[in-house]
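**Student:** Sequence:
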Amino acid sequence: MQRTFAKAIEQRFVEDLEWEQTALAERYDGLEFREHAEATDRLYQHIREDGYKSQRQLLEEKPDVAWDGLNDAMHPLANEIAVDIGRNGEILWNMCGQHRLAIAKVLGIDQIPVQVFRRHAEWQAVRDRVRRGEEIPDELHDHPDLADLLEE
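So that you can map any letter, position 99 of the sequence shown is 184 in the numbering used here, and since no number is skipped, the others follow by simple counting.
These aren't lab readings, by the way, just hints derived from the structure by calculation. Fair warning: this is a prediction, and the values are worked out from it, not measured in the lab. Quick reminder that beta carbons are idealized off the backbone N, C-alpha and C, glycines included. Among these hints, one or two may not hold up.
[Unchecked claim] Taking lysine to aspartate or glutamate and the EDC-like style, the derived pairs with C-alpha atoms no more than 20 Å apart in a straight line are:
1) K92 <-> D233
2) K92 <-> E111
3) K190 <-> E100
[Stated by the list, open to error] So the derived label-pair ranges between C-beta atoms look like this:
4) R172 <-> K147: 34 to 44 Å
5) A110 <-> D135: 55 to 65 Å
6) E134 <-> E103: 40 to 50 Å
7) R119 <-> R88: 14 to 24 Å
8) A232 <-> D101: 32 to 42 Å
9) K92 <-> E175: 14 to 24 Å
10) E175 <-> P148: 32 to 42 Å
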């Protein structure tokens, strides 16, 4: 089942629907809906015009954009898209950054920075083998979660 925000972003920017015609309209109403829709439009425009930026890049280049929507409890550098890594290395969206992830997909952006929130124990064992210099299956050599260990 497609997530509400991802579905709404696809409806808005691929199918060219008005926000009121998207799945987002079913989730919000009134002022909250309008504010959310306008913020998502701004985010889409920033990414489309400037390319996808890591939170660090955004903080350096456009601090007002990096801080938009955050409060004092969360620093922009902690606001990267969060993923989990599954048992076999599958990348699973975690919780943070669903709008940015959906927009990146709609815009056809192949690679974006993410923060690994959690790794399955079996996958961590693969990383540990790489760290020790042991052999791993060839198909894992280009896995993005092993790049930091294999580039040495």
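**Student:** Does the structure break any of the earlier hints, and which numbers would those be?
**Tutor:** Failing hints, ascending: 1, 5 and 6.
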